[in-house]
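*Asks:* Listed here are the chains, written in short residue letters.
4 protein chains.
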Amino acid sequence: MKAVVIHSPLDLRVDDVPEQAVGTHDVKVKVQAGGICGSDLHYYKHGGFGTTRIREPLILGHELAGLIVEVGGDVDGHLLGQTVAINPSHPCGGCHFCLLGQRNLCLDMRFYGSAMRFPHVQGGFRQYIVCDAAQVFPVQAETSPAEAALAEPLAVALHAVSQAGPLLGKKVLVTGAGPIGVLTVAAARFAGAHSITATDVLDRPLSIAQALGADRLINIARDEEALRGGDFDIMFEAAGSAKTILQGIEIVARGGTIVQIGQGAEVTLPMSQIVTRELTFKGAFRFDGEFAMAVDLIDKRRIAVAELLTDTFHVDDAASAFEVAMDKERSMKVQLVF
Amino acid sequence: MKAVVIHSPLDLRVDDVPEQAVGTHDVKVKVQAGGICGSDLHYYKHGGFGTTRIREPLILGHELAGLIVEVGGDVDGHLLGQTVAINPSHPCGGCHFCLLGQRNLCLDMRFYGSAMRFPHVQGGFRQYIVCDAAQVFPVQAETSPAEAALAEPLAVALHAVSQAGPLLGKKVLVTGAGPIGVLTVAAARFAGAHSITATDVLDRPLSIAQALGADRLINIARDEEALRGGDFDIMFEAAGSAKTILQGIEIVARGGTIVQIGQGAEVTLPMSQIVTRELTFKGAFRFDGEFAMAVDLIDKRRIAVAELLTDTFHVDDAASAFEVAMDKERSMKVQLVF
Amino acid sequence: MKAVVIHSPLDLRVDDVPEQAVGTHDVKVKVQAGGICGSDLHYYKHGGFGTTRIREPLILGHELAGLIVEVGGDVDGHLLGQTVAINPSHPCGGCHFCLLGQRNLCLDMRFYGSAMRFPHVQGGFRQYIVCDAAQVFPVQAETSPAEAALAEPLAVALHAVSQAGPLLGKKVLVTGAGPIGVLTVAAARFAGAHSITATDVLDRPLSIAQALGADRLINIARDEEALRGGDFDIMFEAAGSAKTILQGIEIVARGGTIVQIGQGAEVTLPMSQIVTRELTFKGAFRFDGEFAMAVDLIDKRRIAVAELLTDTFHVDDAASAFEVAMDKERSMKVQLVF
Amino acid sequence: MKAVVIHSPLDLRVDDVPEQAVGTHDVKVKVQAGGICGSDLHYYKHGGFGTTRIREPLILGHELAGLIVEVGGDVDGHLLGQTVAINPSHPCGGCHFCLLGQRNLCLDMRFYGSAMRFPHVQGGFRQYIVCDAAQVFPVQAETSPAEAALAEPLAVALHAVSQAGPLLGKKVLVTGAGPIGVLTVAAARFAGAHSITATDVLDRPLSIAQALGADRLINIARDEEALRGGDFDIMFEAAGSAKTILQGIEIVARGGTIVQIGQGAEVTLPMSQIVTRELTFKGAFRFDGEFAMAVDLIDKRRIAVAELLTDTFHVDDAASAFEVAMDKERSMKVQLVF
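For the protein sequence lines, the chains are A, B, C and D, in the order given.
Sequential numbering from 122 applies to the first sequence in my numbering.
Sequential numbering from 122 applies to the second sequence in my numbering.
Sequential numbering from 122 applies to the third sequence in my numbering.
Sequential numbering from 122 applies to the fourth sequence in my numbering.
Just so you know, not all the hints are guaranteed correct.
It does not matter which identical chain is meant; a pair holds if it fits inside one copy or across any two.
[Unchecked claim] Pairs of lysine to any residue, SDA-like flavour, derived with a Cα cap of 25 Å:
(1) Lys364 <-> Gly350
(2) Lys149 <-> Val138
(3) Lys421 <-> Ala374
(4) Lys421 <-> Leu338
(5) Lys421 <-> Asp354
Because the hints were derived from the structure by calculation, they are not lab data.
These numbers come from a predicted model, not from an experiment.
Please model the complete structure; the sequences and the hints are all you need to start from.
*Replies:* In structure tokens form, the structure reads like this:
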């Protein structure tokens, strides 16, 4: 079958890969939608990010939905024929963090389409994928695979929101209106934020942030000063930019919290600001129970994820899809179909 | 009366300053012990720290205890003749943060011996000081003024501990065994930490950390490797050193917390570490209700603060006192008497 | 001017009372809407509740909105002519709980229309009321006084929700679909509850609960069994009924929380259930910062409080208004105009 | 081998029971100390408690320590010959609560010597017991089996303390100075309580509470009035008495928390007190990670559990041991040796 494989930076190919065997606890899913994520783009452009680098060919893709076409012997037969969102996260279940119920911090995580371990965990940009039955979440007939595949980034946003504690009555800032940023706007609105300000350097993504619940939009390329005096209780940093983080530290209120989602940057922090204003700076990584929550919110139409979807490409045009996904002026979320 | 006044970097004088009037809600305290703090040393050496600089002569001193010699008309007469610890903190009571009960974040704080506002708030290294009656906390006859004057740094340590959440069962690291570091060791021990590792570049302060409850001592000048694999739940950073903070980020466990107390450094943080390991980085600044708690713990001999006191100088030798206080090989806490 | 005064159980009169003087920090409000609350009905029917009893004539009313017609010398003149919601809560500002930022627990609270202290604090069912300027919250021109007067019960609901911790992803049960119950449904929906089940013994109030966001309605007079297996994470008890509380303890999930809002009942609790299932049972009383939040949510049309308003009476018909307000089959929220 | 078996109320026998097979993940422990707990006494006197009743003969005992005499094929051989504390708790690992990391709420718990499920889970009052290797915790040579067997009740106390949130600076009341009560005193002291008041109706247990860290003792049989005005932040209810709970609700401060540990009573609570003073009432059941913490605290001599041990009986005198354990004037903790 066909799969989208990264071999080295910018060397993305549609390869023929073998089908996988279906174990007794497994299901086989015909993949119908696969969203391209920022980390897929990092593999494409740079061959990795941070200290992670591809060391063997890697099938990309972890924002997935499809149709169950086969189930293992121990799996409930009612799953056959269901459209499902696929949770790409497979924690070990036995490590210190799994036992604490913090599975996203698992010491032995297998996450689709990731080069963090070697051999790499192959991803889901392929025609069929075999998963543990516990990884698939059926959606209603009214929910399209394209929407279901957005459960993964929405789960990331919901997890970021849950890292911030209760948002009820809080003044929220979301920096960076990429897919994770705008879904964080939606999640913060759903979680009861008092007001939500979204920032970006482009207008088009900001308009999607508005559609998902932002009260106020600031194009910081044009109007950096508009942030002054914001006095935000909580900032979600989804731009991954050192400059944005430093601006954030200035405008978050005393006692406030910055939840860092974007990973790209190194940033030189002034300790005295963090100390004397008692700021909290906190990472948010992937998700755990938030995946089921995301599927449910999409299914009940509580969060209008379809607003994000700007482009769809056939797997044979994967390279074009990746190029378009890198152009933030043109696209928000690009998905592949197979 | 005599007062210890900083005029410019290294220009420390014992000046004659006028007595203060006693208002109806005030008490007049004959100062009997005044501890030299790291911020006093910053004023002495550099004329300030961070963006704060002395712009007029400033009486230093905010770790104070003494004898009440006069009380205002509206103050309980029983205070007369009491030995008291003096809380140098005087929040406004009406701002957003005071109303939230977070008075250490007060937007209009008056804190003794601080150049953060102008005109500066004059400090307590003088023979007599007039305070609001709410700022003095009587101690028992068995508690010396020297011990009572350690309530202030102990309050800082207790506040840092309270910023970390419950310590019960937690593996704790305290970096930097200066007065705040060793008192943080004591406070973490009191608050139920499972184990406490203390680090410094000198052995002598580490031995005081041990006396106050550290289970394990690491001289990182000699044995940096000993930190590896520490897997600490909570780190209290009291060294104010960029290198220490970066080491901390490596050895704090996933999901762990770094409470930053020291202010000196700028530090370049790797975002991807903070994100993928979901670390929390959080400032701790001064104290609020912890001052009363500190006085009580000293009074009940629950924390052996006297271990810290290495040197006592007469006010006339203030310059020598400051020089000794800067020599970390020789001294831990230096106090003045008046 | 006219005021609605309770003299003894069922003896409700429209009396002529003197106007109040306007102090320098005060505003004078022409009252335009006054909602009748459950506690007003308790004074009317029983002369009080719990251990509280009227001991002198008491002007009822604490759900108030109106027009500012005069301002004191130290008050911002822009308030003149504004429609405002009136916060009936006036904490002392100096007690232990006020200093902790928990003003709703104030040891010396003055709350409009309450017999908890003596002399009683007179309420706002009158033509004009003089308040501290800090008690009034302007609303936009689009917000009617009738809506603004619903800020008070909405604040109660928001406070109950904030007592429960983060609702994101939680299965919520609200028992009792009176005004506080249905506003708690709205507040829980706003705060991100995963699902909300509302119960009552009447269908009409349940339909209002549905309009405000309940996913599922159970008339427990008809279908008590429908609650079984609910496995709720959080229950808000707004019925004040012993039977409802005991049912709740059965159907709240292990580790779950019951927030008690209704006060009427005594209830015999089985300790072994609370212990072995580690339930939390917790009171919610009035509000603090939630009043401002309520005004803002009404102003921004985020919570459709107008759904509650079923009946409006002129002050001269106050007795009829109270009778209608007691008839739960007919009315949800009854307001007076003056 | 010999085992202590309850057949029906007051019918306690030393029976001969078969040895158990050692699986590949198991260890076989020669039981050297077995403490009699309140629930053992309930089985003895009443055949159960709450809705739980013995329906077949049940080997009692879950406070256990002993020597490892055999290990299964997959178990680390270094365990052989070790003295260990035995964790009697065996959660399923797969239910909703286990996945949340709240294993004490496991929906399919197997807990030694408990009739909660049928067939009952047999206990450890026998000469040898076979456990999963994950249930045994080695102690140092200096720690006796008698001390190690106290890890279980200490874990219960530590869990109760962790249910209360941070104790630093809190005024604590512990009602009931039985073994769990006095260990809760010790755990609250370890966790940084500001002050601890212990109550009981007998003086002897109160003296042990004092030895473990209580600041103030009140014999409420003699001096009920002494509790008035206590203004406690946190109450741990370890008496399981309705009267004690009701007294507690009166004297806990507004916003305070009652952690219920004792299970015996039904109690009629005045809702209006819980609501208007915003009390939290919360169950604490068994323990999870606190078992390892308890073993460590005993091993490091941080909590002097040996103070509790008043009587030791040979297994052949089990009936006498149970009679003595019921006499609270005479005994605190009674253990069996085998």
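*Asks:* Among all the numbered hints in the text so far, which are the ones the structure does not match?
*Replies:* none
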